[in-house]
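*Asks:* Listed here are the chains, written in short residue letters.
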Amino acid sequence: MSSSTADPRLAKAGPPRRPIRLSWSDERLRGIVWQVLVVGIVGLIVYWLWSNTVHNLAVRRIATGFGFLDREAGLPIGESLIDYDPTDTYRRALTVGVLNTLKVAVVGVVLATILGTLVGIARLSQNWLLSKIAGFYVEVIRDLPLLLQLLFWYTILQSLPGPRQALNPVDGVFLSNRGLLLPFIEWLPAHGWAMVALVAGFVATLFYARAMRARQYADGQPRKVWPAGLVLMVGLPLLVWIAHGAPFTPDIPALRGFNFRGGIAMTPEYFALLLGLVTYTAGFIAEIVRAGIQAVNQGQWEAAQALGMRRGDILKRIVLPQALRVIVPPMTSQYLNLTKNSSLAVAIGYQDIVSIANTTLNQTGQAIEGIAIIMLVYLTISLSISLFMNWYNSRIALVER
Amino acid sequence: MKALRLTLAAAMGAAAIGAAAMMVAPAMAQAPATGAATLDAIRARGTLICGVNTGLAGFAQPDSQGVWRGFDVDYCRAVAVALWNDPGKVRYVPTTAQNRFTALQSGEVDLLVRNTTWTLSRDTSLGFDFTGINFYDGQGFMVKTSAGVRTARDLNGATICVQPGTTTEQNLTDWARANRIRFTPVVIERLEEVVGAYVSGRCDAYTTDVSGLASTRSAQPRPAEHMILPDVISKEPLGPAVRHGDQRFADLVKWIHFGLVGAEELGITAANVQQAAQSDARPDVQRMLGRSGDLGQMLSVDNAWMVNIIRTLGNYGEIFERNLAPIGLQRGPNALWTNGGLQYAPPLR
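Protein chains in written order, with full-length UniProt numbering: chain A, 1 to 401; chain B, 1 to 349.
Note that these hints are calculated values from the structure, not bench results. Take these hints with a grain of salt, some might be off.
[Stated by the list, open to error] Pairwise CB distance ranges, derived in the manner of DEER restraints:
id, chain 1, residue 1, chain 2, residue 2, range
1, B, Thr119, A, Ile45, 33 to 39 Å
2, B, Gln275, A, Thr64, 52 to 58 Å
3, A, Met212, B, Gly157, 52 to 58 Å
4, A, Pro183, B, Gly332, 45 to 51 Å
5, A, Trp391, B, Asn179, 49 to 55 Å
6, B, Gly157, A, Thr87, 18 to 24 Å
7, A, Trp50, B, Ser300, 35 to 41 Å
8, B, Thr119, A, Trp50, 28 to 34 Å
9, B, Gln330, A, Ser333, 55 to 61 Å
10, A, Thr87, B, Gln286, 55 to 61 Å
11, A, Ser159, B, Thr151, 25 to 31 Å
12, B, Asp123, A, Leu144, 42 to 48 Å
[What the hints assert, rightly or not] To give an idea of the interface, some chain A residues facing chain B are shown, with a C-beta separation under 10 Å as derived from the structure:
id, residue
13, Asn56
14, Leu57
15, Ile77
16, Leu160
17, Arg178
18, Ala347
[Unchecked claim] Where chain B lies over chain A, by a calculated footprint (3+ residues, C-beta under 8 Å):
id, region
19, 63–75
20, 247–260
21, 357–364
By construction, the Cβ of each residue, glycine as well, lies at the ideal position given by its N, Cα and C atoms.
When you get a sec, could you build the whole thing from the sequences and use the hints?
*Replies:* Printed below as a string of structure tokens:
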């Protein structure tokens, strides 16, 4: 049985290889010659551009190289995820910039996906008003330039009252043109460990859910996952926190002098950028989601209804898994767009990698190195998104047997 | 199939690198590299390409007819007058704080007159020559009069608006460190946006050179609502810059400035220059105005260069009064040395 199989997909070896003949009529030899030629020409062009640039820089005595990364930056940065002081190096300043870009890109992608999916589904809703509102939203958002929208949001946020007249809807929450301030807790190691426990609990829940599904496949009985999930994701972190002595000191923002101190702040720059990117990209995502759902044959709905499934269950178990195959590839483009559009931050004063690299290249005068850093950062982020989305796409692709 | 993919990938990768290099390289390649080539190139072209501010009242700004006006613009004009006795033969290239240096390095502009501070690193690692100081400036702060701030030291804890890519950012952090002042920066690139953020109250203060503050303040609907604090936290000697290795062109720009200051010292104005050229018997006036000697030829321009410049634009003091007095700037350190200022011209002889 094993050796007599005729299925060609199971045959590993290709057709037998011929030796290459040194003749122009040999297709493989021709292929190699052309490739060597093309790569060689491209290599020469790159070399010429490179040597030309290096020569001209040397003639003008313009400094080159990345030595400046270890010099003191001296540039002020308004918001940072890691500790930063102007006495730190350019390397650290640029790291802050990369993190700020990631901060807006990651949060933006998640929020845009949620908002876009909701709007996309709403547009297909049988509720006339809801679907018209969603349609209006998509048309308006898609037709206006993003830069204009960012400036619009930023101007709106600037017209909020000053810090001394800040809106104070709930105790400890302040909204002013300095941003949104929320109370927080004084962060201690115990909270860090509780965070680790939360992640561990989440992973454990995933494994538990998988095991339960395997059992369901075996005996057909659905099992509840949420009680165990609750214990793992809430109980475990709580236990760790209590084991560390349950420290809790509220850190409530208060106006001192010009500005608020304490609490956590969301600056108007970050908020305007996030708002602009999310609403803009969500408009495109909504259309992709709508197209994806409509691409699923109406017969699938009817067949599922015939089996007695509820509408929500049909969407979740029958339609969305098939729609995702249509949705995911264009979604990747939207994620890439959002990430790259975040470079418009410069216009509204959010200090992302472009803003900080621009300042760096101005202070050091090394434009080529600065641009190279910006390109490298975006290339890395974009390729990571592409790789992840391609992996996800191949996972959810229809498995053909 | 695999082979084709490989070639495609290689070609695309190379194209990406090539495109990146192309942004920088061609401009570099066409710029003349040594000697007096710039001056010859300007002559051959018949126009001077002058890098100026994108729009700063008093220094460089197009008026309602689209004609560039300002203190820096007059320096571009003076060079054109010295070369061709025609102030119109200038093409102005508005440059931002960000792209001005690349514009000069790459040869996109011949001369950069754009409120640019003369610093050691710009003189050396950027590959420029500064040809003098046409405006002694310093960095200051502007606040709303209603804020109750009297000196810069009151700004502890404040949010401060600043434009990136200039010495301003660095001065601000240096000053804050030296005075143990904590501040939150809001860094916005475009002038209109950064001023807008300050005016709307996003920032408590706006910092830039005092001249720029005066310009911005005068452009506000109610200038009295804003005040410039008395503290000046840095030295900002502004001057025209040319590329390294342009000695003859650098000499010309340098001595035009000294000629303008020298003319004010000697009391030569746009009104009396023609008459002085005919009848003023002072030897230094005669040398400057080309009646005796060959100072113009030494700079390889017409011997009547200073007469032409002063007749068209006036002397240093007149250029200052015409452009900068309307935005509320006093002569201050830019008065002549004989009046207690810093403007001093080496002798034209």
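*Asks:* Flag every earlier hint the structure violates by its number, smallest first.
*Replies:* Result: no hint breaks.
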